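These are the residues of each chain, in order.
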Amino acid sequence: MAKKKLHNDPTEYVSEMLEGFAAANPSHVRRVDETDIVVRADAPVKGKVGVVTGGGSGHEPMHAGYVGKGMLDGAAAGAVFTSPSATDMQELIEVCDGGAGVLAVVKNYEGDIMNFQTASDLAADTEYEQVIVDDDISVSEAEDRTGRRGVAGTVFVHKIAGAKAAQGASLSEVAATAEKAIDNIASMGVALSSCITPEKGEPTVDLSADEIELGIGIHGEPGVERTEHQSADDITERITTDVVKDLDLAMGDEVVAMVNGLGATTQSELYIVARELNRILDGKSIAVHDIWVGEYCTSLDMAGCSISLLRLDDELRELLNYPVETPAVTIAEP
Amino acid sequence: MAKKKLHNDPTEYVSEMLEGFAAANPSHVRRVDETDIVVRADAPVKGKVGVVTGGGSGHEPMHAGYVGKGMLDGAAAGAVFTSPSATDMQELIEVCDGGAGVLAVVKNYEGDIMNFQTASDLAADTEYEQVIVDDDISVSEAEDRTGRRGVAGTVFVHKIAGAKAAQGASLSEVAATAEKAIDNIASMGVALSSCITPEKGEPTVDLSADEIELGIGIHGEPGVERTEHQSADDITERITTDVVKDLDLAMGDEVVAMVNGLGATTQSELYIVARELNRILDGKSIAVHDIWVGEYCTSLDMAGCSISLLRLDDELRELLNYPVETPAVTIAEP
Amino acid sequence: MTDDTTLVVEAVERVADRLVAAEPTLTELDSQIGDADFGVNLRRGLTAVTETVKTDEFNGPDDVLDTVGRTLISEMAGSSGILFGKSLMEASDTVTDGIDYEAIVAFAVAYSDNVATQGDVTLGSKTMFDAIRPAVYALKRGQELDDVTPTQASAHAVKACEYGVGFTIPLRAKKGRASYTEWRSVGYPDPGAVAVLLILREIHDLVEQEHDETVEPSLPGDLDDVL
Amino acid sequence: MTDDTTLVVEAVERVADRLVAAEPTLTELDSQIGDADFGVNLRRGLTAVTETVKTDEFNGPDDVLDTVGRTLISEMAGSSGILFGKSLMEASDTVTDGIDYEAIVAFAVAYSDNVATQGDVTLGSKTMFDAIRPAVYALKRGQELDDVTPTQASAHAVKACEYGVGFTIPLRAKKGRASYTEWRSVGYPDPGAVAVLLILREIHDLVEQEHDETVEPSLPGDLDDVL
Ligand SMILES: Nc1ncnc2c1ncn2[C@@H]1O[C@H](COP(=O)(O)OP(=O)(O)O)[C@@H](O)[C@H]1O
Ligand SMILES: Nc1ncnc2c1ncn2[C@@H]1O[C@H](COP(=O)(O)OP(=O)(O)O)[C@@H](O)[C@H]1O
Ligand SMILES: [Mg+2]
Ligand SMILES: [Mg+2]
Ligand SMILES: [Mg+2]
Ligand SMILES: [Mg+2]
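Residue numbers (this note's numbering), protein chains in the order written: chain C, 5 to 338; chain H, 5 to 338; chain U, -8 to 218; chain R, -8 to 218.
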């Protein structure tokens, strides 16, 4: 049975969404005419490194939700689960170039990488660097695949790189700090139900009533393990243990955590997960600087969540707390 | 088939959620020991009117999400869809009394009203006033029922009353301004699917695959009409027309709008609705000061949305824009 | 504890067990015409009550009922928690001097009156009140006519309550969440009313046991053969 | 427009129609082992292509293919859009002087090479490349041996492509979203490969029509009887 959605012609899904998004957030963003690009209302910011990103739609508020003061200068939106076009990315790079060059935060996926690569070739006049985020630990490092995916932890990279650029750092400095953040982020998710794409209208993944899938990707790509449904505490413990291990976190380390809803999971459930996460980290004497709880990187209407941890040092902590004003995240001046 | 949720013992749902919520937001809030009350970290604020609310859980981020500087001083959380106890409400009132009295923002529902009434009797030492929010226009004013419900428009009342109190107004002034806001708010929702309570685990409402329900309540109470599923534009037009009519909005009026997700609807869909809402108001020459798009008052995991409009005057506009720092809404100092 | 105190504690425990066992049914009823939380609320409230009466010491039946009421207000909450709880507290004074027929009638009247005031409810609103008030009438009738045994009076109350519950079925709800179901509430019984019936049935079983007498729920003017 | 230009436009239109008609199948395949967007991406991209070739004026077949490629890059996007689109653009030079067997082979080689570089892909990765490269081999073989008619060469390419698609079925995906399905990708064909087969079948139909000759997909060393 096809699932009911609030939409019109599904092929207009992304452009209508962006129109609504721009109408709702005129003080933060504007849409570049005849593209699916959203940029800061005041882009380009003269003399500041532009920080941009792009990717398929269906992960809202990622990507356009993070465009604004202190975070992204712009984002290109592709069709649902589809990399944006190289031509949109080219325009994005050019529009966000305030003279100090542009850093692209790219999630580790061939489609995004191929299109950004072509785009940066086309935008030959802009000094360009890119960083590749690959925080999803549920993809093992076997040879047989495309490598770790970029998932919700990417939002921390947007935050860190955006703050660094706002402080006036150079392109290579912003890139280096973003790389440092990437090296210290790990994420893992769990799906309780499949996402349903607007055009297909049917579940992408066939999860039975009592199954869950650990390590699922944000497009419904399979994860590491299907198991019987478990309690929130058990799920949280399993994911947290793996993420902590991947980052080699030890007593005395400090982290910022994210409990990210995949789309159809209520905020109350996310807080139940946050509670157990906090207890586990506490039990390991890992300091929790903050927990971001909410929908940051969704998979359409998938039920489930992901947990991301970013290990902090003094620089990253300061950049994380740096004021920001975007549709999805606002941190006021202290 | 029971729906999978991220929870442990369902009877601990609310208290575990609140524990996670408090752990994630220590700078904004604290939980009052042995209660399901969340208050500002620095409550009571001396000399300021305390603004409080309470209601059943299942509407996250309502209610605790709005506790913080510039909005609510505290909120009492009941079990899912169940009014909080009079004893919790009593403690809430007492803890949030900074000497200038306490205003309770109560959604028009007997359970909440009966419990708040008993609570204010018990908290005899606190100067107490309450306002009743009844923004849901889908309940007609027939004699045969309990009257209009308080739904997502309540968030605007929290914002307005919170800002007024933050500016140092007296208890009766805060109450009067809240009343003015209430008189100028109207809301209406649509459900695409039923909510599922954590303990029951089955849909409350029996909506078939191609049916939607207009005017549904945030606990799954029936709405005004079941129809075939329609396009987002048609649904938006129907709701907007009714809301505009209820408020008697005319050319030249100015509003703030809210497109509120009921829990399982993606942000992209909400933006598609926001787009059409903006077009319709534009077509009627009604000025749109701002559109709040997101989950503000959910119904667990119900799919669908509601639209609320608040007619602005100079005072309400200023209060709406007043800086606020809560887990769910942040507006930075200009 | 006095005999009366022990008796009331036993009644409370038995009633609690019966309602908790009925939780799925009550939740189901509340999801047909309400918001699916009633059974759950009852279970949460009554689990706390059972805990309390097991551990606390009481001086008198009024103390038991007052404590149970307080526990329901703070633990059950919701519409039904404040209604059940506050009504128990308000009515508990009537049994200060012990439990007899007189006291029970006084209790029932006080309880019923409080539900009406607190809930701002009248008969025919399709609420628990529709199940309570007829039972109170039946008890009152026994007292006034003075021609019934306690077990018979109790049997009358149960039967009256059954009629009350039956009456809620065709009604259109005017109170609580169910009121929003409008015409769709017609055809379903009110869950609060059903809960009241279960309470009275359990108390009747206890009364039968205490008085070693069995009386089927009935009323003098029963219409069982006609209906 | 020259005859060759008109022919390429017709080929593009026919291929577009065929793939658009197959959208549900392709989406279904991509949801078995990918993320369910492939057919949708194709339809969006090809609808734009159809529009463009209807309205634009072209000077030469290379111009047609270059334009189609550009359109796919900007309108289809995704992994497959940049692969199909950029490969068309890169290969379009090969047909500047017109469409003949020679040119077609050169085109196929350039196209195939670009997919390999761009996608960083080798055979056996369970991608469209597995369907493309065998067809290129078949064409190349005809050219090298010089013993086939164009229609026969085309029939060989289709058959080769069928084998390529068949080959993707037992493979474990190493590229694209499908790679995350790991062992679960085994047993399902790659949607990109299936799309390539549909393209070649449509072109074969056109070739048969142009040359007024019917040749079933086949290869000299066919194993149809053994398999
Ligand atoms: N105003 C009222 N007066 C009397 N009884 C009421 C009232 N409101 C609700 N009830 C009773 O409470 C029951 C529902 O309780 P519950 O589900 O806990 O509350 P809610 O309706 O707030 O979800 C109803 O079946 C009805 O019998
Ligand atoms: N790196 C690659 N090299 C070659 N072909 C690829 C590559 N990645 C994907 N493909 C092809 O693209 C097809 C999927 O396209 P599409 O669904 O649009 O992209 P995505 O996998 O990003 O969702 C696959 O079936 C495969 O044939
Ligand atoms: Mg894709
Ligand atoms: Mg309720
Ligand atoms: Mg209820
Ligand atoms: Mg795909």
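Quick caveat, the hints were computed from the structure, so don't treat them as lab data. Source: prediction; values computed, not measured. Glycine included, C-beta positions come from ideal geometry on N, C-alpha and C. Incorrect hints may appear among the rest.
Said to hold, decoys possible - Listed next, the stretches of chain C that the computed footprint assigns to chain H, with coverage defined by at least 3 CB atoms under 8 Å from CB atoms of chain H:
#1 14 to 24
#2 48 to 54
#3 58 to 71
#4 180 to 186
#5 226 to 232
Hints and how they fare:
With 7 residues having a Cβ less than 8 Å from any Cβ of chain H, the region 14 to 24 of chain C passes the three-residue criterion, so the hint holds. Coverage of the region 48 to 54 of chain C by chain H is violated [criterion: at least 3 residues with CB-CB distance below 8 Å; count 0]. Counting residues of the region 58 to 71 of chain C whose beta-carbon sits less than 8 Å from any beta-carbon of chain H gives 5, enough to reach three: the coverage restraint holds. Given a C-beta distance limit of less than 8 Å, the hint that chain H covers the region 180 to 186 of chain C is violated, as 0 residues qualify and 3 are needed.
Check result for the region 226 to 232 of chain C against chain H: violated, 0 residues qualifying (beta carbon to beta carbon below 8 Å, three or more required).
Checked against the numbered hints given earlier, the structure breaks hints 2, 4, 5 and satisfies all the rest.
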